[in-house]
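In order, the protein sequence lines correspond to chains R and H. The first sequence begins at 1 in our numbering and counts up one residue at a time. The second sequence begins at 1 in our numbering and counts up one residue at a time.
Hints listed in this document are in silico derivations from the structure and should not be mistaken for laboratory results. Mixed in with the good hints there might be a few duds.
As the list claims (entries may be wrong) - Short, incomplete list of chain R residues facing chain H, as computed with Cβ under 7 Å:
| hint | residue |
| --- | --- |
| 1 | Gln-13 |
| 2 | Gln-105 |
| 3 | Asn-133 |
| 4 | Pro-138 |
| 5 | Phe-142 |
| 6 | Gly-149 |
| 7 | Phe-163 |
What the hints assert, rightly or not - Derived coverage of chain H by chain R (criterion: at least 3 residues anywhere in the stretch with Cβ under 8 Å from a Cβ of chain R; other residues may be distant):
| hint | region |
| --- | --- |
| 8 | 38-50 |
| 9 | 68-81 |
| 10 | 132-141 |
| 11 | 146-159 |
On a predicted model such as this, the values are computed, not experimentally measured, just so you know. The C-beta atom is built at its ideal place from N, Cα and C for all residues, glycine as well.
2 protein chains.
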Amino acid sequence: MSFYDATVPAYLQILSSLSGLLTKAEAHCEVKKIQPDVLFNARLYPDMLPLSKQIQLACDFAAKGCARLTHSEVPSVPDTEKNFAELSQRLANTIAYLKTFKPAQFEGADAKDVTFPAGPNTNLTLKGQEFINRVSFPNFYFHAAIAHGLLRHNGVEVGKRDFLGVA
Amino acid sequence: MSFYDATVPAYLQILSSLSGLLTKAEAHCEVKKIQPDVLFNARLYPDMLPLSKQIQLACDFAAKGCARLTHSEVPSVPDTEKNFAELSQRLANTIAYLKTFKPAQFEGADAKDVTFPAGPNTNLTLKGQEFINRVSFPNFYFHAAIAHGLLRHNGVEVGKRDFLGVA
Chain R
1 MSFYDATVPA YLQILSSLSG LLTKAEAHCE VKKIQPDVLF NARLYPDMLP
51 LSKQIQLACD FAAKGCARLT HSEVPSVPDT EKNFAELSQR LANTIAYLKT
101 FKPAQFEGAD AKDVTFPAGP NTNLTLKGQE FINRVSFPNF YFHAAIAHGL
151 LRHNGVEVGK RDFLGVA
Chain H
1 MSFYDATVPA YLQILSSLSG LLTKAEAHCE VKKIQPDVLF NARLYPDMLP
51 LSKQIQLACD FAAKGCARLT HSEVPSVPDT EKNFAELSQR LANTIAYLKT
101 FKPAQFEGAD AKDVTFPAGP NTNLTLKGQE FINRVSFPNF YFHAAIAHGL
151 LRHNGVEVGK RDFLGVA
């Protein structure tokens with residue numbers, strides 16, 4: 001199997017499960033008469049990011065990860081989403097973007113250098129596989145899992161199977 | 001690079017960051033005069049698992065994942081930990097176990113069948129790479145990130161850099 005198989009399907013699995021989570025979160029708001037904005041802006045703690053930003057960051061780590069690994073132009077998507085429908089669209093756009101990648105683009109990318117910003121004035125260079133292990137996957141899964149935990153903490157009735165995308 | 005590089009170092013990165021998180025959580029309890037048991041048993045929501053079990057599961061998904069991929073005997077570790085010291089030891093033991101694996105054991109494992117329990121009476125078989133993408137990584141990172149979110153939600157002063165293991 002190629003490095004493509006170790007990256008694109010893994011991101012897609014979770015991006016698609018996040019879409020399902022947002023659908024359930026929105027339905028929960030309707031049933032419980034909760035203003036969707038309350039969940040959209042909810043945080044697990046004041047110094048943590050709100051749900052909307054957790055989803056935006058999960059999208060970015062997936063999209064930019066694939067772009068960097070394949071030395072494609074790194075997409076820059078402004079965080080303009082203001083409601084659940086727009087956030088779901090952001091996920092759909094990211095999924096569509098990831099699906100444009102072809103396995104051949106990832107050939108040998110595990111052993112090639114990837115340079116990425118690691119602070120306001122710092123770039124870091126790692127081999128593709130290290131970039132995945134140390135940067136892209138931990139960040140991607142982190143924001144996705146925090147989004148999930150945040151929704152459950154707010155009473156949305158989802159379980160780990162929703163995170164895994166098998167519910 | 002081999003399939004070993006795509007698995008063992010990724011698990012180790014986060015297991016080691018979880019050790020650091022527990023150290024900070026314990027120190028937080030001391031400074032704030034919080035009974036460590038309160039954090040040890042804390043949950044993000046009543047139907048979610050407590051911190052202790054999140055850590056135990058992260059350990060299990062890493063250890064069992066490597067065992068299954070290499071067709072080694074799958075370790076079964078009872079969840080007997082009763083405090084932070086024992087939980088840190090569980091992490092240390094898991095890290096030591098993962099370090100016993102050699103790259104050669106993972107040769108071709110991405111394309112080989114892995115059979116694993118997917119319910120009380122159900123086994124599922126996937127190729128190694130699919131097993132990582134769909135089962136082992138999402139579960140592993142999920143429990144690690146929820147443990148982190150749970151600690152922050154309870155006021156432990158850590159950030160994403162602690163999750164990434166670069167703090």
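Now the hints, each set against the structure:
1. Look at Gln-13(R): its Cβ gets to within about 6 Å of chain H, closer than 7 Å, so that hint holds up.
2. The criterion of a C-beta within 7 Å of any C-beta in chain H is not met by Gln-105(R), whose closest approach is roughly 17 Å, and the hint is violated.
3. Given hint, Asn-133(R) at the interface with chain H, holds; its Cβ is 4 Å from that chain's nearest Cβ, closer than 7 Å.
4. Taking 7 Å as the C-beta cut-off, the interface hint given for Pro-138(R) holds, the closest approach to chain H being about 5 Å.
5. Checking Phe-142(R) against chain H by beta carbon gives a least distance of about 5 Å; that is within 7 Å, so the hint holds.
6. A hinted interface residue such as Gly-149(R) counts as satisfied when its beta carbon comes closer than 7 Å to some beta carbon of chain H; here the least separation is about 5 Å, so the hint holds.
7. Using the Cβ-Cβ criterion of 7 Å, the hint placing Phe-163(R) at the interface with chain H is satisfied: the shortest such distance is roughly 6 Å.
8. Counting residues of the region 38-50 of chain H whose C-beta lies closer than 8 Å to any C-beta of chain R gives 4; at least three are required, and the coverage claim holds.
9. A stretch counts as covered by a chain when three or more of its residues have a beta carbon under 8 Å from one of that chain; for the region 68-81 of chain H and chain R the count is 0, and the coverage is violated.
10. Counting residues of the region 132-141 of chain H whose CB lies closer than 8 Å to any CB of chain R gives 8, which reaches the minimum of 3, so the coverage claim holds.
11. Counting residues of the region 146-159 of chain H whose CB falls under 8 Å from any CB of chain R gives 8; the rule of at least 3 is met.
Checked against the numbered hints above, the structure breaks hints 2 and 9 and satisfies the rest.
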